[in-house]
Amino acid sequence: MSQRFRAAGSTGGIARISHQQLLCLVYTLHFTAAVLVLPATLARYGHSGGWLAPLLAFAVSALPVSLLLALVVRQHPQRGFADLACHLLGPFLGRLLGLLTGVFNLLIAALCVRDVVEVTPVAILPATPTWAVAVPFILVAVYGAYSGVEVMARLSFFCVVATLVVVVLSVGTLTGLIHPLRLLPFFDRHPLQLVMASWSSIGWFAECWSFLGLAVLVDRREKVGRALVLGAAFAAVMLMTFTALAITVFGHQLVAEFTFPVYSLVQQVTIGEFVERLDVFMFSIWLVGMVVKTSTHFWLAADGAGFALGLKNESTLYPALGLIAFVVTTLIPSLSWLFLFSTETWTPLSVSLGLGVPGILLVASWVRQRQQRQQREMGA
Amino acid sequence: MRRAVALLLLLPLLTGCWSRRELNDLALVVSVGIDLVEPAVYEVTLGVAGPGAAGSGAAGAGGGQQGGERQPVKIVVTERGRSFAGILRAVELRLPRRINLTHALWVVVGERLAEHGIGDSLDFILRAPEFRLQGMIMMIRGRSVRELLEAHPLMEALESKALTEIAQARIGLEMRLWEFFSARATEYRAAMLPIVELVDTPDAGPIGQRYVAKLGGAAIMREDRVVLYLDAQEVRAIKWLRGHGREGVITVPCGEEPGAQDISFRITRASVRTRTAVKGNRPHFDLILQGRLRVSEMQCPRPLTDQQVQAELVARAEQELQDLVMQVIRKLQEAEVDPLFFGERIRALYPGVWRQVGGKNWGKTWRESPVHLTVDLRLDTTGLMSDPLRAKSGPEG
Numbered sequence: 046m047s048q049r050f051r052a053a054g055s056t057g058g059i060a061r062i063s064h065q066q067l068l069c070l071v072y073t074l075h076f077t078a079a080v081l082v083l084p085a086t087l088a089r090y091g092h093s094g095g096w097l098a099p100l101l102a103f104a105v106s107a108l109p110v111s112l113l114l115a116l117v118v119r120q121h122p123q124r125g126f127a128d129l130a131c132h133l134l135g136p137f138l139g140r141l142l143g144l145l146t147g148v149f150n151l152l153i154a155a156l157c158v159r160d161v162v163e164v165t166p167v168a169i170l171p172a173t174p175t176w177a178v179a180v181p182f183i184l185v186a187v188y189g190a191y192s193g194v195e196v197m198a199r200l201s202f203f204c205v206v207a208t209l210v211v212v213v214l215s216v217g218t219l220t221g222l223i224h225p226l227r228l229l230p231f232f233d234r235h236p237l238q239l240v241m242a243s244w245s246s247i248g249w250f251a252e253c254w255s256f257l258g259l260a261v262l263v264d265r266r267e268k269v270g271r272a273l274v275l276g277a278a279f280a281a282v283m284l285m286t287f288t289a290l291a292i293t294v295f296g297h298q299l300v301a302e303f304t305f306p307v308y309s310l311v312q313q314v315t316i317g318e319f320v321e322r323l324d325v326f327m328f329s330i331w332l333v334g335m336v337v338k339t340s341t342h343f344w345l346a347a348d349g350a351g352f353a354l355g356l357k358n359e360s361t362l363y364p365a366l367g368l369i370a371f372v373v374t375t376l377i378p379s380l381s382w383l384f385l386f387s388t389e390t391w392t393p394l395s396v397s398l399g400l401g402v403p404g405i406l407l408v409a410s411w412v413r414q415r416q417q418r419q420q421r422e423m424g425a
Numbered sequence: 014m015r016r017a018v019a020l021l022l023l024l025p026l027l028t029g030c031w032s033r034r035e036l037n038d039l040a041l042v043v044s045v046g047i048d049l050v051e052p053a054v055y056e057v058t059l060g061v062a063g064p065g066a067a068g069s070g071a072a073g074a075g076g077g078q079q080g081g082e083r084q085p086v087k088i089v090v091t092e093r094g095r096s097f098a099g100i101l102r103a104v105e106l107r108l109p110r111r112i113n114l115t116h117a118l119w120v121v122v123g124e125r126l127a128e129h130g131i132g133d134s135l136d137f138i139l140r141a142p143e144f145r146l147q148g149m150i151m152m153i154r155g156r157s158v159r160e161l162l163e164a165h166p167l168m169e170a171l172e173s174k175a176l177t178e179i180a181q182a183r184i185g186l187e188m189r190l191w192e193f194f195s196a197r198a199t200e201y202r203a204a205m206l207p208i209v210e211l212v213d214t215p216d217a218g219p220i221g222q223r224y225v226a227k228l229g230g231a232a233i234m235r236e237d238r239v240v241l242y243l244d245a246q247e248v249r250a251i252k253w254l255r256g257h258g259r260e261g262v263i264t265v266p267c268g269e270e271p272g273a274q275d276i277s278f279r280i281t282r283a284s285v286r287t288r289t290a291v292k293g294n295r296p297h298f299d300l301i302l303q304g305r306l307r308v309s310e311m312q313c314p315r316p317l318t319d320q321q322v323q324a325e326l327v328a329r330a331e332q333e334l335q336d337l338v339m340q341v342i343r344k345l346q347e348a349e350v351d352p353l354f355f356g357e358r359i360r361a362l363y364p365g366v367w368r369q370v371g372g373k374n375w376g377k378t379w380r381e382s383p384v385h386l387t388v389d390l391r392l393d394t395t396g397l398m399s400d401p402l403r404a405k406s407g408p409e410g
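Residue numbers (the working numbering), protein chains in the order written: chain A, 46 to 425; chain B, 14 to 410.
Derived from the structure by calculation, the hints contain no laboratory data. Using N, Cα and C, we set each Cβ at its ideal position, and we do this for glycine too. Keep in mind that the hints are not guaranteed to be accurate.
Stretches of chain A that chain B covers, calculated by requiring three or more beta carbons in the stretch to come under 8 Å of a beta carbon on chain B [claimed, not checked]:
hint: 1; region: 194-207
hint: 2; region: 405-411
Negatives, chain B to chain A, calculated, CB over 10 Å [what the hints assert, rightly or not]:
hint: 3; residue: 35
hint: 4; residue: 139
hint: 5; residue: 147
hint: 6; residue: 195
hint: 7; residue: 224
hint: 8; residue: 246
hint: 9; residue: 264
hint: 10; residue: 277
hint: 11; residue: 313
hint: 12; residue: 329
hint: 13; residue: 358
hint: 14; residue: 361
hint: 15; residue: 385
hint: 16; residue: 397
Using the sequences and the hints given, assemble the complete structure.
Below, the structure is given as structure tokens:
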């Protein structure tokens, strides 16, 4: 079976990213979409202890899924996504996995576009029609995917640095408004409160099973696990930080009522009563992160779908994927429907796939290795 | 790297001129007032920055000069209706510009609305993305909202700017919108509203009016209506308990016998520590107020360099502050309102107890909770003078 690495854009070269770039990419993919909408859900169900929920979600979903994925990749170095899928599952099931990965990532990309379409009118463009926000964003994201995943990986480093600057700025300027006691108690009724609060973020963290297409591109396979786990852990810590900051300033009762509590929080950031309205600047950073996330998911979708359909060049799929994402975006009725979808449908689906797919691959890998060992013994 | 740059250059596609409006097509609202005129009928008053606001600096009922004509510094419009959105539309039917709320940094609540019950009448502030929650909120007492917004301030072009500056100096009570709504979102913390009054004063003569707006006391709310008023003196205690006691002034008699002469201390540092204990489901609070003082005025001919005199005067200041703070705490407990963080401490540190005595029952629990106060003030400096000129002390007496 010929090796099949995803060509980097139009250069025809072999795509490679470092484990540090994978870490930054994983962080951006986990953190960016969640930071604006998640804190309200965390405060609504977890109350004052809701800020701990991302840590629980990391431990329950991101950590096991990342470790399973890393194990699969480590056991089969020098194999790309398509080669791995075919080798472990056979051509038919391998292509099915490719199709599943494609559809899953396309859905995530469409949900990202919807997030942008919901937030942008609130932040900067109140009178702009939805399609006028969605179409340029999809064009940029598709172009980003076409440029190749290495470009996104490099851009994600900028996102990491920018969000660190934002959190340092927020903590520094909002210190006088912080009431640390608002973070207590961790749960005011029962510990299951935290589980309920972390439910939607469990689904979001479990999406990392679809990063298999990224993990196989890392130059040093033995570092893949570390990159996946650390990226997710860093994202969880940052989500905790922003949620905790919002709760200490506004109180969990008000945070639960906001649609975008972190956006309302950064509106309070001023430097010496002189530099104000930094929320637009921070919105721009978030938008860059969303471009990285959406582009990467488009790339993964093209990678999986291209393999499933037997295409030599996946870049021909991008216009179709962009169109499908636009259509799916318009089919989503409202933000409240999206919240309901993420808790009732997306989380169970994502967790099932998150634990199921790497698990099946590992089992298949074990079976293959056993067969190969038996063949060698019989040959000997 | 080039691709990354190209990608970044494409990002401006995401901005656009779709909802572009020229500046001179906008009516920049700088203050919003709301009051109740009949059940479910609100009166909204908007203070709009006029064309003269950009050019004018100091006081004056007039505005900037433009083409030889006086441009108004501000325009006040009032409209009545059942909802804020409907009222705004009605206002736009007679204003030649579109209303823009992004610069509305001051919200005034009318007395009738505050006493009747705010309910969800201020919901539009939290929902509209244009409103910035770091704006101020206050309550007008004794006059209508329109009279307040029409009044011309001393030394500023716009009343909203003047009162915002006074509040930000923390001489009076400062209440931001986010803080107000944060309290309203809970069922145990009482929201507070600083009170603005129009006072009759000759200071306003040069600008052709009788009244000037003054930041005074505070209104404390239970749920959504005012249940307690505090005067400006009592607001000092609230500021101390919020950790904003700095820049306050304590004035006490300075003579050996009670008399008309006083000494004034300026507070240069202030802090508050709260210790909480629960004894048999009953919270107890120990408050320690600590501060550093500077003598700003001494009317008695007593030697301030004398340690005994210092100690005596500082002790009087401590007693005065102690009496004031305990008086306010008693008032708050009688009204069963907790605008500070006492309930928050019990909820955070004793969740089991909170489940029984907190939440909606916190008012009654707070009423019965003993509060013990210790005041510890120290004199840092007597200013640029040591003893007053007529003090009988030292070798030259």
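Here's how the hints hold up against the structure:
no., hint, in the structure
1, 194-207, "holds (count 3)"
2, 405-411, "violated (count 0)"
3, 35, "holds, 14 Å"
4, 139, "violated, 7 Å"
5, 147, "violated, 5 Å"
6, 195, "violated, 5 Å"
7, 224, "holds, 28 Å"
8, 246, "holds, 25 Å"
9, 264, "holds, 28 Å"
10, 277, "holds, 28 Å"
11, 313, "holds, 38 Å"
12, 329, "holds, 32 Å"
13, 358, "violated, 6 Å"
14, 361, "violated, 4 Å"
15, 385, "holds, 20 Å"
16, 397, "holds, 29 Å"
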